[in-house]
Amino acid sequence: MVQSLIFKNCPTSTRNNFREFQGEHVSHRARRLPTAHSWSLHRKSWCDCMPIFASTSSKATSMSALLRNASSRLYQMAWRSVLLVVIALPMVWAMCYALTYSLGGIGRLSSGWTIKHWLVAISEPSIVGAFLFSFLIASAVTFFVLTATMGFLLIFPAARRSRAFLIVILIMMGTPGIAVAQMVANVLGPGGWFSRLSYHAGLIHSANDFPPLINDRFNVGMTISIVLGLLPLSLLYFSQLWGAVRIDRCCHLAQSLGASWWDARLRVALPMLVLRGKSMMMLLFILSLGSYEVPLLLGQQSPQMFSVATQRLATGFDLTLKPQAYVLAVLYLTCTSLILMMYVHRRQSHE
Amino acid sequence: MSDTTLSPRSLRVGSRDWRSRSIIGLALAIFTIPYLLLLWLSLGTGWSYPNLSPDKVNFGPWKTLFADGNELLRAALTSGLLSPFVATLSTTIGMMVGRQVQSHRGIWRFIAYLPFACSPVIIGICLLDLFIRVGLDGSLVGVFAIQSIFASAFAVILFSELWSPEIRQMENLVQTLGGTRWDVWRHAVWPRLWKLSAVCWLQTLLFSWLDYSLVSTIGGGVVPALTLSVISYVREASMNQAAHGTIILLVPPIVFTILVGGLLRRRVPTGAVDG
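Chains as they are written, first to last, in the working numbering: chain E, 16 to 366; chain V, 119 to 393.
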């Protein structure tokens, strides 16, 4: 507690130098400012207010500090290797394997390196279709999720504080894709509950009269399920954002300056949410691009989403199609990595 | 602000109250229908077309659950045994690595996010060959290994995003007051971290419990899992069995998510921030 008070009062450069002395790593962004001049300038006044620091700072080259430094280096090496071995290595292996397989480098039926599979894949309607279709569905899902979130938050900004809202969001969040897909099929399918209700209401005469919403041409059921799966995440994030950037106050201010209720929502709150939430939008897009269970259960046979198409080509009976599965995998991994890079870069430049 | 000035908005809120309440009530009703329908279906047998409820409500699927050699029970037990191990390993890795990723941005964060963003089934298909070579395909250990990769990445992200700078300041304080490394963990880090660790443990447990894509690719149908059974029931169109499996599948996530929500809510008092 004491230290946090002191830390607040001393300048950034002093704080970082102290942390480095303690054997900790200071990020490059935080290390931007310190100069020898500023360090010596602030050092005295700051160390004087805490006798312990004053005594330790004079023994900067002592044995214990050196040891601590060495052990923290060791710790740094350890976590980096854990991250590399556990997470990075399998990912890199997967990417390299997919690329090599698609270029004919490996594979039982392969006859040497070739770009034949890529040329076939580019002219194959099912693969190009899967590529375009996945992007279309992901964009549509992101759009619908954002529209629903923004619409809800702008109209009922107070709802985010209610217990019922939180419980509903948490239950939705805990419902996996498989369950959502099944519920949507139970309610909206040709033999589902709505179809039965319409039958009893006399609107239709058999299950076939009900408009197909599952495994259909326009992928209504699939899109609804993916949207329902991502909606709680987005609602939770944007409602936290609403509180964190104090949009309520801005709306109040706008209204007291003469804006109408709608103007305050549409011209003040909405741009603020959109500007701050861009990284979340990217994340929603990536997550919907990679969805698997829902398209597997509710999607149509052709075109299919990335994951389903790759799985079908890779584990199908026709082994000659296997390299094309890896072409699709390479395409997917490249796109996802690029969007992810944009996401990480955005996060980094906005923190 | 709203106390001193009676803005037009505050007047309108009063008149809106019953309307918003009724809308919320309607939304809640629509929201609960699918869940209730699923529960209702799991209690009966058959669901022929124009009927709104199952043909016979006889608790059929639930009665056979504890019979010998029940497939669903075996799958649930396997998933239930596997997931705590995955959760424990990945939470430990997340705790070790997460705070470092927070202070190192760029490439390290990109690496941590990669499994989280990529579709597990595509990565699973690309890694299947490696698992076959090592001899881990179609085994519980293989499924454990691949699930741990994804769960660890998730844990690293969770810890790196939610690690507060206060912990670091407390660590410094304990260290400067003469505490050993163990003291730092015991008195500075752990009291502020146990809730986050619990949240992470529960989330990774759920990831493993709900995973379908990794079990189906690496497990190769040999390793039973509840999700595999549910999807096979859905595909063979046995409505009641599928609903029954889904209800069993849904119980831990919903309980744990509400638990996690409670933990996080107490940690971060929202509402105090905005006026």
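Be aware that a few hints might be false.
[Said to hold, decoys possible] Residues from chain E that face chain V, not an exhaustive set, calculated with beta carbons under 10 Å:
hint, residue
1, GLY127
2, TRP128
3, THR129
4, LEU169
5, ILE186
6, LEU311
7, GLN315
8, LEU348
9, ILE354
[Stated by the list, open to error] Incomplete in silico selection of chain V near chain E, CB under 10 Å:
hint, residue
10, LYS174
11, VAL175
12, PHE177
13, VAL215
14, GLY256
15, SER257
16, LEU258
Read the hints as simulated data drawn from the structure, not as lab findings.
Where is the CB? At the ideal position from N, CA and C, for every residue including glycine.
Does the CB of THR129 of chain E sit less than 10 Å away from some CB of chain V? It is violated, given that the least Cβ distance between THR129 of chain E and chain V is near 19 Å, above 10 Å.
Is the interface hint satisfied for SER257 of chain V? The criterion is a beta-carbon contact with chain E at less than 10 Å. Violated. Min distance 17 Å.
Less than 10 Å between beta-carbons is the criterion; does ILE354 of chain E satisfy it with respect to chain V? Holds, because the Cβ-Cβ distance from ILE354 of chain E to chain V comes to roughly 8 Å (cut-off 10 Å).
Agreement of hint LEU311 of chain E with chain V interface, Cβ distance less than 10 Å: holds, 8 Å
Have a go at the ILE186 of chain E hint: is there a Cβ in chain V nearer than 10 Å to its own Cβ? holds, 6 Å
Per the CB criterion, is PHE177 of chain V less than 10 Å away from chain E? violated, 19 Å
Going by Cβ atoms only, is LEU169 of chain E closer than 10 Å to chain V? violated, 13 Å
Does VAL175 of chain V meet its interface restraint, that is, does its C-beta lie within less than 10 Å of any C-beta in chain E? Check failed: Cβ of VAL175 of chain V comes no nearer than 16 Å to chain E, outside 10 Å.
Answer holds if the nearest beta-carbon of chain E is closer than 10 Å to that of VAL215 of chain V; otherwise answer violated. holds, 5 Å
Is the hint on GLN315 of chain E kept, meaning its closest Cβ partner in chain V is under 10 Å away? violated, 15 Å
Mind checking the CB of LYS174 of chain V against every CB in chain E and telling me if the closest is under 10 Å? With Cβ-Cβ at 17 Å, over 10 Å, it is violated.
Hinted contact LEU258 of chain V with chain E - closest CB pair below 10 Å: Status violated, d = 18 Å.
Checked against the numbered hints given earlier, the structure breaks hints 1, 2, 3, 4, 7, 10, 11, 12, 14, 15 and 16 and satisfies all the rest.
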